[in-house]
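Model the full assembly from the supplied sequences, consistent with the hints where possible.
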Amino acid sequence: MEQTLDSIRNFCIIAHIDHGKTTLSDRILEATKTIELRNMREQTLDAMDLERERGITIKSHPVSMAYTAKNGKTYRFNLIDTPGHVDFTYEVSRSMGACEGAILVVDAAQGVEAQTVANTYLAVENNLEIVPVLNKVDLPSANVAEVTQQIEEVLGIPMDHPLLISAKTGLGVPEILEAVVERIRPPVTRGRDAPLRALVFDSVFDIYRGVITYVRVVDGSFRVGDSILFVSSGQTTQLREVGIFSPDQKPVEVLEAGQVGYLVGTIRDPADIKIGDTVTSLKDGSTELLPGFKEVRPMVFSGVYPVSTDDYEKVRTGLEKLHLNDSAFSFHPESSVALGFGFRCGFLGLLHMEVVQERLRREFDLDLISTHPSVIYKLQLRDGTAVDLDNPVHLPDVSRIEQIEEPVIKATIICPSECIGDVMRIVLDRRGEVKATESLDAKRVILSCLLPLNEILIDFHDMLKSVSHGYASMDYEPCGYQVSDIVKMDILLNGEVVDAFSCMVHRGKAVARGRQMCKALAETIPPHMFKIPVQATIGRTIIAREDIRPFRKDVLAKLYGGDVTRKQKLLKKQKAGKARMKEFGQVHVPQSAFISVLKGTATDE
Amino acid sequence: MIPHLYIHVPFCDGKCHYCGFYSVLNDAHLTGLYTPLPSKELELVVKARPKIARFSPRTVYMGGGTPALLGEAGLSRLIERLSEHLSFASVEEWTVELNPASVSRSLLNALRKLGVNRLSIGVQSFNDATLARIGRRHDARAADQAVHLAQETGFENTGIDLIAGLPGVTPAIWQATLEHAVSLKLKHLSVYALSVEPGTVLARQKEEGLVLPDDGDQLSALKHAEAVLGQAGFERYEISNYAQPGQECRHNLGIWRGNDYLGLGPAAASRLGDARWTNDPDVAGYMDSLAQKQLPPRTFETLTPTDDALERVTFALRLAEGIDPSVVAQRFACLRDRAATWEERFERLMRHGITERGGRRWRLTARGREICDAVIRELL
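Quick mapping for you: the protein sequence lines, in order, are chains Z and Y.
Residue numbers for the first sequence follow numbering that gives the first Met the number 0, so the first one is 0 and each next one is one higher.
Residue numbers for the second sequence follow numbering that gives the first Met the number 0, so the first one is 0 and each next one is one higher.
Honestly, I wouldn't trust all of these hints.
[What the hints assert, rightly or not] Below are the DMTMM-like pairs computed for lysine to aspartate or glutamate, each with C-alpha atoms no more than 20 Å apart in a straight line: (1) K530/Z - D160/Y; (2) K568/Z - E355/Y; (3) K72/Z - E181/Z; (4) K557/Z - D160/Y; (5) K566/Z - E83/Y; (6) K282/Z - E181/Z; (7) K518/Z - D458/Z; (8) K50/Y - E83/Y; (9) K571/Z - E377/Y; (10) K571/Z - D553/Z; (11) K568/Z - E83/Y.
Hints in this document: simulated from the structure, not taken from any laboratory.
In structure tokens form, the structure reads like this:
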């Protein structure tokens with residue numbers, strides 16, 4: 000398809016969760032008659048229940064549309080639906096790197112939220128033209144004037160011609176399409192004959208064709224048969240297919256500068272493709288990387304174990320399959336004294352962790368236990384060596400450790416003004432620091448905070464939501480490391496360490512956390528035949544203890560011929576119920592116990 | 000050869016509030032029709048399993064229901080007909096369950112003549128108010144008289160049943176009942192913790208708010224019984240059973256030790272090799288089927304060798320004699336691997352005061368007896 004650069008518009012839609020990004024995408028597809036409405040859901044989005052349930056998108060879903068504007072010219076719109084959650088900031092920024100503009104959707108009733116701010120900053124960093132729109136203006140609770148003012152003041156975006164829409168009814172959508180043409184600039188290139196450079200913004204795996212790489216061509220062009228080079232990874236391949244999203248993948252002869260499309264070579268392992276990498280031709284290619292590339296590394300780690308050891312291979316298969324389309328998480332086999340064989344998994348963040356674990360459970364029908372999440376601690380040993388620690392179990396003997404550094408995040412929290420005190424208290428309680436507060440409008444404030452990452456691993460979001468009655472929103476990004484007094488806390492059941500519960504905590508918070516974990520375990524582990532002490536220890540010192548009282552009585556009074564077989568069956572069935580629990584020493588621990596220690600909302604008085 | 004025979008007589012002259020056993024209201028016409036039926040059932044069972052023809056049980060147990068409601072003539076006829084298909088020649092112990100209300104000298108004489116040598120009298124309590132509260136149709140005096148009459152008629156081996164943890168029973172009342180029982184010079188005593196069986200009057204009363212003793216109260220009543228009876232020379236040879244030395248119920252011992260048994264009558268259960276069956280609790284169905292020379296409606300199944308073996312060995316934990324894992328391994332090859340792990344399990348439980356070792360055998364401690372089922376689950 001011949002296409003002048005002038006008639007191409009590459010853009011994305013950015014929004015806070017539930018502000019209407021997906022609905023607006025649907026309306027745009029409908030307005031450009033790209034797909035029939037009834038097929039839309041299945042075709043435009045991976046039909047991943049979890050994504051829809053949680054209102055998050057994990058993958059990019061580019062789609063190409065033809066739009067005939069009022070000026071009579073036909074334009075090629077490439078809409079890149081970006082991953083929409085906090086853990087995927089880097090992926091979002093690379094998707095933005097493939098665009099010249101962004102439609103910023105703000106809910107006219109809710110106003111600017113944490114992700115609105117974070118996404119806008121990202122868009123500005125990526126030099127995108129931002130087209131702000133106020134969605135849901137038909138709602139009675141919409142407050143156009145105030146939200147307009149927020150966008151101007153907080154985000155610094157001029158609102159001379161605010162676009163007022165209702166993605167639900169389609170009101171204002173034609174105006175958006177015109178605004179895309181008028182306000183978002185066409186792609187700029189050094190030329191279609193210049194040395195090839197294209198930006199990798201995502202990849203998916205197809206069992207027949209292997210890895211399919213999504214690219215935005217910046218300079219030059221791709222043709223089938225070309226040999227290409229991924230500059231950062233050094234990976235090379237020969238192209239077997241190039242194409243565009245129209246909206247399904249559609250092969251084309253040539254993919255040219257300014258266009259968004261996909262490449263199919265002979266690469267089978269998605270881990271070979273790095274998002275943000277630059278693709279060029281193997282011969283006489285450009286040596287110049289496109290800006291913004293970085294290696295993403297998992298930040299949060301957790302052990303994932305099958306409840307039944309027989310399921311180990313099933314877990315491996317599940318992880319491998321998920322990894323094909325989400326190479327952002329890492330996994331490698333590990334073993335735990337308590338849990339047997341499993342995998343250490345690394346995730347980009349908390350939500351990412353939850354999503355991957357939930358997908359394993361649902362899509363592969365696995366009963367899983369996940370261990371206490373951990374971050375990467377940087378250890379300085381006395382002998383001068385440096386160690387990265389992602390699993391407390393591997394902590395060297397404390398006498399060998401000079402110092403421990405923990406990762407810090409920079410968090411942006413938006414909350415109603417009346418609960419700023421509570422929010423600040425939570426932040427301080429989590430060893431955080433409020434760097435700045437700023438009024439968003441008459442009712443809300445923005446807090447900029449620094450927090451140790453390990454303090455938000457457990458229930459931080461829940462606490463935030465709870466004190467703000469659900470109104471607080473948060474976004475965060477990594478912000479280096481700090482030296483900290485971190486110790487390893489173990490949990491003992493019936494006198495035996497259960498390594499799956501071991502975690503790293505700040506010394507000052509160990510007692511409270513230990514009590515909380517002991518209490519949670521004592522409440523979820525059912526009574527046994529004997530008393531079970533649940534203890535938290537640091538080294539050899541016991542810092543907290545709870546006892547699980549034994550059950551009083553479990554015996555049939557009368558057992559004669561008539562009952563024997565029936566009774567035996569009943570005992571066998573009860574026994575089978577226990578098989579779903581993990582047995583440590585003589586203690587049966589249900590899955591709910593693993594979840595309860597991770598919730599840990601029980602406040603200690 | 001089948002060592003144990005059970006005959007169920009499913010008639011009662013009323014329903015006690017706690018009773019979950021199968022019975023129907025007594026009716027002279029029905030009992031008349033019933034007497035020849037266990038024999039007919041046996042004939043059909045033998046037809047299907049010729050190997051057991053004319054077997055010669057070592058123990059016979061007639062329970063119910065109230066066997067005495069068949070009358071002296073009825074009981075004689077029942078036994079007479081049965082002896083067409085089996086031999087009573089080797090019977091060492093022959094027990095009949097009796098209700099104090101239906102004991103008479105002539106009945107006892109008739110039973111003795113048949114060969115019955117052991118009586119189990121359902122006393123439950125020696126407190127009149129308690130007896131009335133649970134729907135018993137006799138008082139303490141009648142129970143007393145029944146025991147004395149039995150002993151006078153020459154039934155040396157006479158025992159009674161008591162229930163611990165009945166509603167409204169204070170520690171003082173329980174103490175009095177136990178002391179009275181001890182004074183009767185009995186050979187055997189069963190002390191059951193009250194359990195609420197589905198479908199009973201008691202279950203309904205509980206639903207309606209009747210407060211029953213909690214687990215703690217019940218356990219302390221049982222503990223008290225063990226102390227009082229122990230002092231009087233009774234050994235607690237099973238969770239709920241006490242006997243003077245050598246007077247244990249051999250029939251039930253055989254079942255707890257894992258022997259085969261044949262049960263006749265509605266709701267009766269049988270264990271023969273890997274076969275298990277239980278007749279439906281349905282007198283009408285029982286009668287109809289046998290009239291048509293068909294086995295009564297029942298549930299039948301064949302167990303796997305492992306399930307069969309486990310059932311036969313694990314309930315021995317209820318007995319004071321306990322379990323010897325090495326003997327289990329010898330008796331059942333299919334349990335060899337499992338029994339090998341028991342030693343370690345018992346040892347760990349010993350550290351918590353749940354099991355104890357006596358020579359090569361493992362048995363439950365006082366605490367272990369309170370949670371016997373949980374220990375058995377460990378062995379499965």
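Run through the hints listed earlier and report the numbers of any the structure violates, in increasing order.
The structure breaks hints 1, 2, 5, 6 and 11; every other hint is satisfied.
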